[in-house]
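Residue numbers (my numbering), protein chains in the order written: chain R, 124 to 331; chain A, -16 to 109.
Rather than coming from a laboratory, the hints here were simulated on the basis of the structure. Because the structure is a prediction, the values reported are computed rather than measured. There may be inaccurate statements among the hints.
Listed below are the simulated SDA-like cross-link pairs for lysine to any residue, each with C-alpha atoms no more than 25 Å apart in a straight line [claimed, not checked]:
1. Lys50(A) - Ile161(R)
2. Lys310(R) - Gly73(A)
3. Lys50(A) - Asp234(R)
4. Lys138(R) - Pro89(A)
5. Lys323(R) - Asp25(A)
6. Lys323(R) - Ser28(A)
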Amino acid sequence: MFFILQEGAEAVDEKYTAPFTALGPVVSQAGAGDYTQIPEWTGNALDSLPCQKSGLVNTRFPIDLKTYNTKAQREVYDLFASTLREIPALNGSLFLFEGYPLQGVQAIPSDSTAYPFRDNHLLVAPLIIYKSDGDELEKQARELGESLRQKLFDASGMSELDTYVNYAFGDETVKNWYGSEEWRQVKLRELKDKYDPNRKFSFYAPIA
Amino acid sequence: MSILGPGLGGGHGFLQGRHGLIADQFISMNLVRADGSINTIDHTSDLWWAMQGAGHNFGIVTSVTSKIYDAEYPNWAYQSFIFTGKDVEGLYGAINDNLLKNGTQPVDIMGSTRSFLTAPISIPRT
């Protein structure tokens, strides 16, 4: 499902929708309302499936991209679909490709905060969802997520794998999470040594 | 889902085109540090830089003072399309050419895809 949201409009401008209508979607739906309804439209509301406390494992393998490589998109789509068919225990999984507007993020100078990826354009992540059922399934889930991410990275032309820390799986590197520039890593380590020398706060994506 | 958790790692949102990341809104925060002390920190602290993107590495944030905004344009419109696998190349090519445009996507537009194998997770309510 692809969706376009437009702020301050009664209907999404045809100049944006026409190229997608021209592709011949199976279904198209349109509507309008209040900002607070966006989660319903995009499947992220409190009563939407991914937000239920159903005891499922939700793992993400994020990668920032600058643009879509259509050949790689085909490869990951095919791998995603075929694996979900072969391993039904994984077939509740999703693959998210998010294109947020960028201006406000890029208005802040890149070096002024620890957030490292103001120049990236797309936030992409397979969301591999499954009911915990032993080591083999966990391994299959992780292999799927990593393979999908790797294919996108290989085709991206980017020199570094940038992984949005809030979606991180956990096996990425500090450069993947906090930026590949050496000055960022040095600055974070210095602050970590000053404020948390005994590494008490190293539960998630630890700097050290 | 809170805003503070994601905020410590940046924090994307639909209005980031207008206002930036969640972390970009923080003015000050109360932080319990590793030594057990609690301080209010803001941009005058050397730690402030790190709290905006790597914050979970440095302590427990017990409260935050943040900028908030009136919604300039409270009304939004959406259009959703369901495509099948044959349209993958066409779809992403169209997104590149018409929305993304080398990182110049309009400030009032968000375009996203979610792929799934079976039925949609939710049907948008009109």
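Numbered hints the structure breaks, given as an ascending list: 2
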